[in-house]
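Visitor: In case you want the letters, here they are:
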Amino acid sequence: MNISKLPKLTFWRAVLVLILAAGFYSTALRFTRGLGAATNLSDQFPWGLWIGFDVLCGVGLAAGGFTLAAIVYVFHIERFRPVLRPSILTAFLGYALVAVALLYDLGKPYNIWHPLVMWNPHSVMFEVAWCVMLYLTVLALEFSPAVFERLHLHTPLRVIKAATIPLVITGVILSTLHQSSLGSLFLIVPEKLHPYWYSPMLPLFFFISAVGVGLAMVIFESNLSSRAVGREIEMHLLEVLGRAMAVVLAVYGLLRFEDLWSRGALVHLREPSRETVLFVLEITLGLLIPLPMLLFRRIRQNRESLFGVAVLVITGFLLNRLNVSITGLEASSGVHYFPRWTEVAVTLSIVGVGFLLFSLAVRYLNVMEPAQGSRAPGAIQIRAVA
Amino acid sequence: MSKAILVDTTRCIGCGACATACKVVNHLPLGDPGAAHDLPTRPLGDDDLVAFAQSHGEVGGHLSADMLNVVQAHGSVFVRRFCMHCQQPTCASVCPVGALKKTAAGPVEYDAGKCMGCRYCMMACPFSIPRYEWKALFPKVKKCTMCAPRQAKGLQPACTLVCPVQAGIFGERDDLLKEAEKRLADEPTKYFHRVYGKQEVGGTSVLYLSAVPFDQLGLPSNLPSEPMPLLTYRVLSEIPTLVPLGGLLLGGIWWITNRREKVAKTEKKME
Ligand code: SF4
Ligand code: SF4
Ligand code: SF4
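Protein sequences, first through last, are from chains A and B. With this note's numbering as the guide, the letters of the first sequence map in order to residues 1 to 386. With this note's numbering as the guide, the letters of the second sequence map in order to residues 387 to 657.
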């Protein structure tokens with residue numbers, strides 16, 4: 001075999017291999033020795049990194065899919081079509097990987113199908129489980145045209161096309177429900193979650209911030225993927241998304257501060273606690289810096305700085321989800337939780353596999369659509385399904 | 387008709403018999419493994435259980451998968467902690483598969499066959515009661531069952547059975563509430579004037595009496611008197627109205643934008 005045929009060992013590939021090796025070891029540990037051996041979870045701290053990051057952050061970061069689907073199909077803002085398909089793909093991969101992460105985290109993963117037949121409609125978790133299952137199906141259908149095109153299957157393509165609008169509307173409703181419900185999960189712990197984060201408005205905050213981070217993710221991904229395929233980026237489109245993000249952040253900020261103020265939670269700012277540091281960091285990185293930046297057209301139109309703003313918003317979002325699900329609960333639990341390295345290895349591996357699958361899909365399927373105007377009208381007809 | 391347990395911490399002498407009895411009936415490892423030799427080999431009768439538990443009491447420790455009822459010392463006061471068997475249990479309301487259920491008889495029971503191990507019940511319980519078998523490959527949630535299997539046979543829970551001073555008594559919740567209030571009325575100077583569990587999170591089937599404020603015994607004092615499940619149910623119950631509304635709204639927007647586009651197209655053609 002010719003050595004030059006092997007993939008080149010670049011730095012990032014080496015990192016990926018290391019991560020996957022660590023992930024493989026951790027997987028073996030988790031499924032042969034149990035949660036106690038593979039995690040730092042305890043009776044005092046039953047949810048950790050896998051719920052806080054893999055599930056809460058994962059679902060949020062995949063919000064670009066439904067946000068853009070709504071923009072393109074429901075609001076008919078056609079010029080966003082070029083970034084639609086990569087967003088749907090990321091969302092699909094994101095949700096699929098959330099399901100994988102759940103298999104690690106559930107004590108009895110082989111019972112994951114139980115909510116299908118054992119119902120408890122009073123449980124937020126039950127609702128989230130159903131929404132995520134249904135939405136994963138919707139996303140698979142929404143992305144399926146890319147696969148059908150590749151395989152030249154015209155009949156299913158037509159069927160899917162006819163069903164696009166109901167499908168997209170279903171997807172948007174399901175997303176709204178479970179994005180907010182992830183916040184509702186924590187409504188039940190008013191005495192445990194720190195007042196910076198506990199609020200009766202948690203569902204609304206989770207929903208709005210998911211839309212915001214969805215937009216940020218579209219900007220982030222467009223940058224990465226255009227770099228990967230060496231294509232000019234649609235700056236005029238991203239600029240508009242930046243403007244939309246400013247509106248979302250402003251609404252979020254107003255509601256969040258009104259809520260903090262009316263609950264009297266801001267008095268805690270006088271305490272030099274860990275929570276205060278994390279809260280200030282979250283608000284500053286995710287809101288106070290990016291929002292004013294977005295008000296300048298020069299910043300919105302500049303590829304690098306818009307990318308920077310997106311990274312800030314994403315960071316703030318991640319901090320928020322981790323604060324709600326982990327750090328904000330530590331004080332009341334009486335213990336300190338920090339993930340075991342095997343937990344981190346699993347999380348990183350899942351992210352790594354996500355990147356891998358995304359780049360494979362970009363290579364073998366028609367994910368990146370050619371720039372507007374450079375294609376025959378017939379092609380538009382078919383692609384309009386994506 | 388709902389059973390309950392009343393724990394009067396002013397009577398408890400901290401002998402730890404209840405903790406040991408709990409371990410025996412739930413087949414959990416004893417603190418002193420050698421003690422198991424003293425257990426009679428014949429099927430355990432209630433008299434055997436009383437004798438064994440009272441001579442091998444275990445005090446201290448924290449709730450765990452191996453300890454579902456622990457006797458804790460807070461200064462000079464002893465208090466035993468175990469599942470409160472809430473009237474409207476938070477754990478049961480959050481469980482996605484309904485593995486936890488409040489039965490009419492009083493206990494909140496757990497069905498390990500249904501459980502998928504999401505541990506939301508552990509997160510949500512306002513008393514931080516449920517424990518997990520972290521070391522097991524197929525772990526179960528563990529908590530006091532109020533001896534539901536014994537109750538089914540007409541027996542009282544092991545912990546109240548073995549208590550030498552009736553610090554814990556078993557009975558109808560209504561009767562126990564009356565009894566507790568009678569004790570408060572009879573000896574108002576002896577007690578902190580409140581029955582813990584009468585109202586907490588909508589009421590519990592385990593009631594406490596104490597000479598000192600309850601937070602000094604490690605019992606959460608910041609709980610609302612309304613049942614916790616309402617917190618999420620209020621939001622969840624909006625969904626059936628929101629879904630069709632959302633569908634209509636989105637469909638409507640689509641219809642308008644779609645029409646606008648069509649009109650624009652025909653206008654273009656006309657030109
Ligand atoms: S104390 Fe906790 S575990 Fe026990 S019934 Fe109440 S909510 Fe459930
Ligand atoms: S861990 Fe089991 S019993 Fe507890 S909420 Fe999850 S499924 Fe229900
Ligand atoms: S409740 Fe009764 S059995 Fe338990 S420690 Fe107190 S006195 Fe002993």
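Keep in mind the hints are simulated off the structure, nothing from the lab. Do not take every clue at face value.
Stated by the list, open to error - DMTMM-like, lysine to aspartate or glutamate: derived pairs with alpha carbons at most 25 Å apart:
#1 A:108 <-> B:560
#2 B:584 <-> B:558
#3 B:526 <-> B:497
#4 B:488 <-> B:561
#5 B:564 <-> B:601
#6 B:584 <-> B:612
#7 B:576 <-> B:560
#8 B:584 <-> B:561
#9 B:584 <-> B:573
#10 B:526 <-> A:78
#11 B:584 <-> A:191
#12 A:108 <-> B:452
#13 B:521 <-> B:495
#14 B:648 <-> A:78
#15 B:487 <-> B:561
#16 A:161 <-> A:149
#17 B:488 <-> B:394
#18 B:488 <-> A:330
#19 A:108 <-> B:495
#20 B:654 <-> A:78
#21 A:161 <-> A:78
#22 B:576 <-> B:612
#23 B:487 <-> A:191
#24 B:500 <-> B:452
#25 B:521 <-> A:78
#26 B:655 <-> A:43
#27 B:539 <-> B:432
#28 A:161 <-> B:601
#29 B:488 <-> A:43
#30 B:521 <-> B:560
#31 B:500 <-> A:78
#32 B:488 <-> B:560
#33 B:526 <-> A:149
#34 B:521 <-> A:191
#35 B:651 <-> A:78
#36 B:487 <-> A:43
#37 A:108 <-> B:519
To be verified - Simulated coverage check for chain A against chain B, where a stretch passes if three residues somewhere in it have a Cβ under 8 Å from a Cβ of chain B:
#38 72–85
#39 102–111
#40 118–127
Quick reminder that beta carbons are idealized off the backbone N, C-alpha and C, glycines included.
Visitor: Checking one constraint from the list: CA of residue 487 (chain B) to CA of residue 191 (chain A), max 25 Å. Satisfied?
Guide: holds (23 Å)
Visitor: Going straight from one Cα to the other, do residue 488 (chain B) and residue 560 (chain B) come out at no more than 25 Å?
Guide: holds (17 Å)
Visitor: Compare the distance between the alpha carbons of residue 576 (chain B) and residue 612 (chain B) with 25 Å, and conclude whether the hinted pair is satisfied.
Guide: Outside the cut-off at roughly 28 Å; violated.
Visitor: Is residue 108 (chain A) close enough to residue 519 (chain B), meaning Cα to Cα at most 25 Å?
Guide: holds (11 Å)
Visitor: Hinted pair, alpha-carbon criterion (25 Å max): residue 564 (chain B), residue 601 (chain B). Please report holds or violated.
Guide: This hinted pair holds, its Cα atoms lying about 23 Å apart.
Visitor: Does the structure keep residue 584 (chain B) and residue 561 (chain B) at a Cα separation of 25 Å or less?
Guide: Between residue 584 (chain B) and residue 561 (chain B) the Cα gap is close to 12 Å, so the pair holds against 25 Å.
Visitor: What's the verdict on residue 500 (chain B) and residue 452 (chain B), does the C-alpha distance respect the 25 Å limit or exceed it?
Guide: holds (21 Å)
Visitor: Is the coverage entry for the stretch 102–111 of chain A by chain B consistent with the three-residue Cβ rule at 8 Å?
Guide: Holds, because 6 residues of the stretch 102–111 of chain A bring their Cβ atoms closer than 8 Å to Cβ atoms of chain B.
Visitor: Hey, residue 488 (chain B) versus residue 330 (chain A), does the alpha-carbon distance stay inside 25 Å?
Guide: violated (29 Å)
Visitor: Would the hint linking residue 576 (chain B) and residue 560 (chain B) be met if the CA-CA limit is 25 Å?
Guide: holds (23 Å)
Visitor: Would you mind confirming whether the straight-line C-alpha gap from residue 539 (chain B) to residue 432 (chain B) stays at or under 25 Å?
Guide: Holds. Residue 539 (chain B) to residue 432 (chain B) sits at ~12 Å (cutoff 25 Å).
Visitor: Between residue 161 (chain A) and residue 601 (chain B), is the straight-line Cα distance small enough, at 25 Å or below?
Guide: violated (62 Å)
When held up to the earlier numbered hints, the structure conflicts with 1, 10, 18, 22, 25, 26, 28, 30, 31, 33 and 34 and fits the remainder.
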